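Could you slot chain B onto chain A? The hints should help.
Chains as they are written, first to last, in this note's numbering: chain A, 47 to 345; chain B, 47 to 345.
It should be emphasised that the hints constitute simulated quantities derived from the structure, not laboratory data. Please read these numbers as outputs of a predicted model, since none were measured by experiment. Be aware that one or more of the hints could be misleading.
One copy or two, it doesn't matter: identical chains are merged, so the pair holds either way.
What the hints assert, rightly or not - Within a straight-line C-alpha distance of at most 25 Å, the following computed DMTMM-like cross-link-like pairs (lysine to aspartate or glutamate) qualify:
| no. | residue 1 | residue 2 |
| --- | --- | --- |
| 1 | 329 | 269 |
| 2 | 63 | 336 |
| 3 | 101 | 282 |
| 4 | 125 | 180 |
| 5 | 163 | 89 |
| 6 | 329 | 298 |
| 7 | 163 | 336 |
| 8 | 329 | 294 |
| 9 | 297 | 308 |
| 10 | 329 | 246 |
| 11 | 166 | 298 |
| 12 | 178 | 293 |
| 13 | 329 | 240 |
| 14 | 156 | 305 |
| 15 | 250 | 164 |
| 16 | 329 | 305 |
| 17 | 245 | 67 |
| 18 | 262 | 310 |
| 19 | 182 | 203 |
| 20 | 329 | 308 |
| 21 | 166 | 106 |
| 22 | 267 | 336 |
| 23 | 123 | 203 |
| 24 | 189 | 293 |
| 25 | 267 | 164 |
Okay, here's what each chain looks like letter by letter:
Number of protein chains: 2
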Amino acid sequence: MPAIIECVPNFSEGRRKAVVDKIVFSIRSVPGIKVLDIEMDVDHNRCVVTFTGGKDNIQEAAFRGARAASELIDLNKHKGEHPRMGALDVLPFVPISGVNIDDCIEIANKVGARIAKDLKIPVYLYEAAAKKPERKNLENVRKGQFEGLRELIRTDDSRYPDYGPRMLHPTAGAVAVGARMPLIAFNVNLRSTDVAIAKEIARKIRSSSGGLPHVKALGFKLENRGMVQVSMNLTDYGITPISIVFEEIEKEARERGVEIAESEVVGLIPLSALCDATARYLKLHSFSSDQVLERRIWG
Amino acid sequence: MPAIIECVPNFSEGRRKAVVDKIVFSIRSVPGIKVLDIEMDVDHNRCVVTFTGGKDNIQEAAFRGARAASELIDLNKHKGEHPRMGALDVLPFVPISGVNIDDCIEIANKVGARIAKDLKIPVYLYEAAAKKPERKNLENVRKGQFEGLRELIRTDDSRYPDYGPRMLHPTAGAVAVGARMPLIAFNVNLRSTDVAIAKEIARKIRSSSGGLPHVKALGFKLENRGMVQVSMNLTDYGITPISIVFEEIEKEARERGVEIAESEVVGLIPLSALCDATARYLKLHSFSSDQVLERRIWG
Numbered sequence: 047m048p049a050i051i052e053c054v055p056n057f058s059e060g061r062r063k064a065v066v067d068k069i070v071f072s073i074r075s076v077p078g079i080k081v082l083d084i085e086m087d088v089d090h091n092r093c094v095v096t097f098t099g100g101k102d103n104i105q106e107a108a109f110r111g112a113r114a115a116s117e118l119i120d121l122n123k124h125k126g127e128h129p130r131m132g133a134l135d136v137l138p139f140v141p142i143s144g145v146n147i148d149d150c151i152e153i154a155n156k157v158g159a160r161i162a163k164d165l166k167i168p169v170y171l172y173e174a175a176a177k178k179p180e181r182k183n184l185e186n187v188r189k190g191q192f193e194g195l196r197e198l199i200r201t202d203d204s205r206y207p208d209y210g211p212r213m214l215h216p217t218a219g220a221v222a223v224g225a226r227m228p229l230i231a232f233n234v235n236l237r238s239t240d241v242a243i244a245k246e247i248a249r250k251i252r253s254s255s256g257g258l259p260h261v262k263a264l265g266f267k268l269e270n271r272g273m274v275q276v277s278m279n280l281t282d283y284g285i286t287p288i289s290i291v292f293e294e295i296e297k298e299a300r301e302r303g304v305e306i307a308e309s310e311v312v313g314l315i316p317l318s319a320l321c322d323a324t325a326r327y328l329k330l331h332s333f334s335s336d337q338v339l340e341r342r343i344w345g
Numbered sequence: 047m048p049a050i051i052e053c054v055p056n057f058s059e060g061r062r063k064a065v066v067d068k069i070v071f072s073i074r075s076v077p078g079i080k081v082l083d084i085e086m087d088v089d090h091n092r093c094v095v096t097f098t099g100g101k102d103n104i105q106e107a108a109f110r111g112a113r114a115a116s117e118l119i120d121l122n123k124h125k126g127e128h129p130r131m132g133a134l135d136v137l138p139f140v141p142i143s144g145v146n147i148d149d150c151i152e153i154a155n156k157v158g159a160r161i162a163k164d165l166k167i168p169v170y171l172y173e174a175a176a177k178k179p180e181r182k183n184l185e186n187v188r189k190g191q192f193e194g195l196r197e198l199i200r201t202d203d204s205r206y207p208d209y210g211p212r213m214l215h216p217t218a219g220a221v222a223v224g225a226r227m228p229l230i231a232f233n234v235n236l237r238s239t240d241v242a243i244a245k246e247i248a249r250k251i252r253s254s255s256g257g258l259p260h261v262k263a264l265g266f267k268l269e270n271r272g273m274v275q276v277s278m279n280l281t282d283y284g285i286t287p288i289s290i291v292f293e294e295i296e297k298e299a300r301e302r303g304v305e306i307a308e309s310e311v312v313g314l315i316p317l318s319a320l321c322d323a324t325a326r327y328l329k330l331h332s333f334s335s336d337q338v339l340e341r342r343i344w345g
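One chain only, chain A, in its complex shape (with noise of 0.2 Å):
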């Protein structure tokens, strides 16, 4: 099965659809890049494209759009609600099938690097790449924005980066590379209109209070539907499975006497994730992703 990458950069610029489709046509540009899904915001004036490729010109197409996008925005022109460093702001790689979180760490390290010595742009490790334990966190990374990061990168040791000079690129800023998993959203209404319950099963269940590791978790109302959520993002599935997770809800939630009415995965969730469910249901021993019968036709 051949290797297959994901990369979802975010760069400044999601009002001028001909920037975008420059940088978009750039990474197109790399012979077997597939271009997934191209998401413009206006109000935070950015713009998120995924995009699919093997190890090698996946690399290729990343750098092409840090190119593209370091000739096409200029950050000191850039307004919009959304926190921002780079005119290509974050990139991060992310394993979908036959490589694991390392390779797209590797991947991240060269990319970075040649975004820093090609373009003469700072680059910054993050998440799963972080070099030091504090830029795992983006937002540690990008304190101070464009404009703070400018004096930042030069007075405060803290914020030197990983790869490239001590100084932001006049027009493009920095970069942050990082790897990172692939993120399920997923999402469990339970038979209540307790909205407290859902919190209080969130609380429980999210790592950040002590649960789950790599669970994100908030409680809502859904006013319309006489339904509270339990609204997640799953970080790391790998570790923390999706049927882990809805079972440790139900648990929670029979022990306040509230039924799971339904569930939902909110946009896409990678076959290797759907095939963990079936084995843990079915009590498959030896089952892998190969006996798809799609991916023997697609892969």
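Frame of chain A; chain B shown alone:
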């Protein structure tokens, strides 16, 4: 998402590799066709080719395979353990994605009519494509085999072909063309050494003794593992999903004081069967296989 149809022709040649190679070459010569598997069986003197394609090219590839077989295989000289009536013996079309069984019945009719017309080979439609109820079962269609059918096709009105001449092709015989759902081979192992329990549960759930529709099941002892097994073929997981089969066996086992140890999928499973199982397990509402990340990449 593009339509994907699987075609699994069985040819009456399992010994002369050069002949099989030529047949497969003729199938592969159609653009967009992907050959997934070729299995030659020396004892049966038969080979099974598995390939996929879209609505149109699958027809062309199937026809070219039929033509090549009719030019290369002489059934008068064929000996093997497996029953057969044609050089190309059976030709089933299987819906994988973006198509349903009715599309495959239509394709079976078109390809069958073309084989009859262009190659002068009589064609019987079987399984879901059968026009007479008794022809649903392939064994009824093939009764008498090549040698016996030569006479019966002319003298027995019940053996009139669906397409083509009322006489066998002198060397290529006749062909059964059909449509069927993908088959899932699914085994469930019970923590028991009493094979009677596995046999009882198999009888309880299989279609032939009034159990679940589209389930074939037998009970076996797994001597070396201290377990017994309910071994199944699910012949239409759209009607009886794998999760229902699993839960039914779990219920029956529990009533007999026995636990499920583990289960296994032998060979391939279609993506939509995985999606069904996950959706049932996690109570997902409105989940679609379009949400599988890899489908976006591959599709």
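Results for each hint:
{"no.": "1", "hint": "329 to 269", "in the structure": "between (37 Å within a copy, 21 Å between copies)"}
{"no.": "2", "hint": "63 to 336", "in the structure": "neither (40 Å within a copy, 27 Å between copies)"}
{"no.": "3", "hint": "101 to 282", "in the structure": "within (21 Å within a copy, 39 Å between copies)"}
{"no.": "4", "hint": "125 to 180", "in the structure": "neither (27 Å within a copy, 73 Å between copies)"}
{"no.": "5", "hint": "163 to 89", "in the structure": "neither (33 Å within a copy, 64 Å between copies)"}
{"no.": "6", "hint": "329 to 298", "in the structure": "both (23 Å within a copy, 16 Å between copies)"}
{"no.": "7", "hint": "163 to 336", "in the structure": "neither (40 Å within a copy, 40 Å between copies)"}
{"no.": "8", "hint": "329 to 294", "in the structure": "both (18 Å within a copy, 14 Å between copies)"}
{"no.": "9", "hint": "297 to 308", "in the structure": "both (15 Å within a copy, 23 Å between copies)"}
{"no.": "10", "hint": "329 to 246", "in the structure": "between (31 Å within a copy, 21 Å between copies)"}
{"no.": "11", "hint": "166 to 298", "in the structure": "neither (52 Å within a copy, 68 Å between copies)"}
{"no.": "12", "hint": "178 to 293", "in the structure": "neither (35 Å within a copy, 49 Å between copies)"}
{"no.": "13", "hint": "329 to 240", "in the structure": "between (35 Å within a copy, 21 Å between copies)"}
{"no.": "14", "hint": "156 to 305", "in the structure": "neither (49 Å within a copy, 51 Å between copies)"}
{"no.": "15", "hint": "250 to 164", "in the structure": "neither (47 Å within a copy, 70 Å between copies)"}
{"no.": "16", "hint": "329 to 305", "in the structure": "both (24 Å within a copy, 11 Å between copies)"}
{"no.": "17", "hint": "245 to 67", "in the structure": "neither (42 Å within a copy, 64 Å between copies)"}
{"no.": "18", "hint": "262 to 310", "in the structure": "within (16 Å within a copy, 33 Å between copies)"}
{"no.": "19", "hint": "182 to 203", "in the structure": "within (17 Å within a copy, 78 Å between copies)"}
{"no.": "20", "hint": "329 to 308", "in the structure": "both (22 Å within a copy, 5 Å between copies)"}
{"no.": "21", "hint": "166 to 106", "in the structure": "within (17 Å within a copy, 56 Å between copies)"}
{"no.": "22", "hint": "267 to 336", "in the structure": "neither (40 Å within a copy, 28 Å between copies)"}
{"no.": "23", "hint": "123 to 203", "in the structure": "neither (28 Å within a copy, 85 Å between copies)"}
{"no.": "24", "hint": "189 to 293", "in the structure": "neither (38 Å within a copy, 52 Å between copies)"}
{"no.": "25", "hint": "267 to 164", "in the structure": "neither (50 Å within a copy, 66 Å between copies)"}
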